[in-house]
Amino acid sequence: MHVAMVFPYSVREITGIGTVVKMISRALLSTAVNVTWVVPDRPGPFLVRPDSSLTVHEISVSRYLHLRDVLLALGTFRRLMGVPNLSHVHAHSPHLQSIAALLASRIRGVPCIVTFHGVLPRPRDKTRNRLLSAIEGFILRNADAITTVSAAARNALVHKEAVLIPNGVDIPVVSREEGKTIRREWNCESKVVLLYAGRFAVIKGVDILVRGFEKALPLATRPLHLVLIGSGDPAELDHLRVILKRLELKDSVTLIDATEDYRRFLPGADVYLFPSFREGMPVTVLEAMASGIPVVASRTGGIPEIVRDGVEGHLVEPGDVDGFVQAILALVENPDERKAMGQRARQRIAEDFSQSAMLEKYVKLYEQLAGLPRG
Numbered sequence: 351m352h353v354a355m356v357f358p359y360s361v362r363e364i365t366g367i368g369t370v371v372k373m374i375s376r377a378l379l380s381t382a383v384n385v386t387w388v389v390p391d392r393p394g395p396f397l398v399r400p401d402s403s404l405t406v407h408e409i410s411v412s413r414y415l416h417l418r419d420v421l422l423a424l425g426t427f428r429r430l431m432g433v434p435n436l437s438h439v440h441a442h443s444p445h446l447q448s449i450a451a452l453l454a455s456r457i458r459g460v461p462c463i464v465t466f467h468g469v470l471p472r473p474r475d476k477t478r479n480r481l482l483s484a485i486e487g488f489i490l491r492n493a494d495a496i497t498t499v500s501a502a503a504r505n506a507l508v509h510k511e512a513v514l515i516p517n518g519v520d521i522p523v524v525s526r527e528e529g530k531t532i533r534r535e536w537n538c539e540s541k542v543v544l545l546y547a548g549r550f551a552v553i554k555g556v557d558i559l560v561r562g563f564e565k566a567l568p569l570a571t572r573p574l575h576l577v578l579i580g581s582g583d584p585a586e587l588d589h590l591r592v593i594l595k596r597l598e599l600k601d602s603v604t605l606i607d608a609t610e611d612y613r614r615f616l617p618g619a620d621v622y623l624f625p626s627f628r629e630g631m632p633v634t635v636l637e638a639m640a641s642g643i644p645v646v647a648s649r650t651g652g653i654p655e656i657v658r659d660g661v662e663g664h665l666v667e668p669g670d671v672d673g674f675v676q677a678i679l680a681l682v683e684n685p686d687e688r689k690a691m692g693q694r695a696r697q698r699i700a701e702d703f704s705q706s707a708m709l710e711k712y713v714k715l716y717e718q719l720a721g722l723p724r725g
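If you read the sequence shown in our numbering, its first letter stands for residue 351, the second for the next number, and so on.
Everything labelled a hint here was simulated from the structure, so no lab data went into it.
Given the structure is predicted, the values throughout are model-derived calculations rather than measurements.
Among the hints, erroneous ones may be present.
[What the hints assert, rightly or not] Taking CB as the label site, the calculated pair distances span:
no., residue 1, residue 2, range
1, Leu597, Asn435, 52 to 62 Å
2, Gly459, Leu417, 27 to 37 Å
3, Arg491, Pro573, 48 to 58 Å
4, Met431, Glu667, 43 to 53 Å
5, Arg628, Gly459, 31 to 41 Å
6, Glu539, Arg694, 21 to 31 Å
7, Met351, Trp536, 41 to 51 Å
8, Ala690, Glu655, 15 to 25 Å
9, Arg456, Arg478, 19 to 29 Å
[Said to hold, decoys possible] Cut-off 27 Å, straight-line C-alpha distance, at most; resulting in silico cross-link-like pairs (DSS-like, lysine-lysine):
no., residue 1, residue 2
10, Lys541, Lys565
11, Lys530, Lys689
12, Lys600, Lys530
13, Lys541, Lys689
14, Lys714, Lys372
15, Lys711, Lys372
16, Lys541, Lys530
17, Lys541, Lys595
18, Lys565, Lys595
19, Lys565, Lys600
20, Lys541, Lys600
21, Lys565, Lys689
Built from N, CA and C at the ideal position, the CB exists for glycine as well.
Using the sequences and the hints given, assemble the complete structure.
Quick look at the structure:
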């Protein structure tokens with residue numbers, strides 16, 4: 351078996367899709383299945399490559415951003431046509447690249463799975479909106495299997511045959527000593543540490559997070575510290591630094607480049623923040639909960655399927671800065687409740703969102719499709 355994973359994000363940035371693909375690929379590689387990734391290029395070190403035996407084809411698009419989607423689709427088609435002994439194509443996200451993956455799979459005579467990791471925002475531009483609808487429609491009509499990571503995404507597709515396979519993560523061993531060491535690195539031994547990990551992009555609500563933190567600082571009875579871990583375009587990173595400087599928050603915020611594995615820092619956090627405007631089923635939220643950290647997150651996409659408001663954390667409407675402030679303060683000012691929510695969060699992941707359950711469902715789907723006649 352040789353599975354080609356196709357997704358429109360670089361392996362040189364942190365993304366939930368990249369993390370999920372990494373998990374699936376590692377499981378396949380451990381059973382002697384060959385795996386190839388086809389992804390866009392981007393300057394910087396590899397961040398999500400799971401194994402040296404994995405083949406990664408990076409399509410050169412970074413120098414031609416105005417033609418990025420077209421070049422990525424053409425490059426993906428060409429690469430897939432050359433993958434030896436190809437048995438499956440698994441595309442992630444409704445993207446022009448996925449159309450190329452579908453066409454290549456038809457010519458190669460192998461099944462194509464397309465996973466919707468969330469509900470894409472509808473462009474305001476009518477032409478772009480029609481193009482996105484056409485891409486989604488083509489995928490839904492022609493893919494051999496459609497999967498979604500959340501019930502919210504499946505319901506939005508109105509595709510009765512879509513298979514729900516929730517994202518899942520491992521339950522790590524949590525070391526209190528490791529957490530203390532990390533907090534010393536941040537000089538935060540006596541502070542309540544709030545942490546975010548992900549892309550520094552507008553849709554992720556990082557501006558909301560920073561503004562909420564600024565408002566919470568003078569209201570909290572305990573000192574706070576915010577840790578931001580992630581990657582983004584240079585312009586987005588510069589914008590974030592300008593905001594931190596303008597709000598005079600530099601001494602209360604630690605900014606960590608995503609070249610380091612964000613999971614290493616989770617033991618040092620007291621609360622995980624995730625103010626995204628649109629999501630599928632964010633892996634970073636799952637991993638924070640698996641580490642026993644309560645969550646303050648937006649009520650959007652598949653997040654309410656993971657975090658039950660008032661049980662494993664607090665949910666806030668997307669963009670509601672004051673709501674985030676109140677939710678943060680509720681956890682900061684009540685350490686016993688914070689601890690109890692963290693324990694319930696860890697238990698919820700162990701019972702309902704394990705990595706083994708996710709991987710078992712994907713492997714079963716691959717096996718089922720391998721036995722179907724190709725037309």
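Okay, which hints does this one fail, numbers in order? The structure conflicts with no hint, since it agrees with every one listed earlier.
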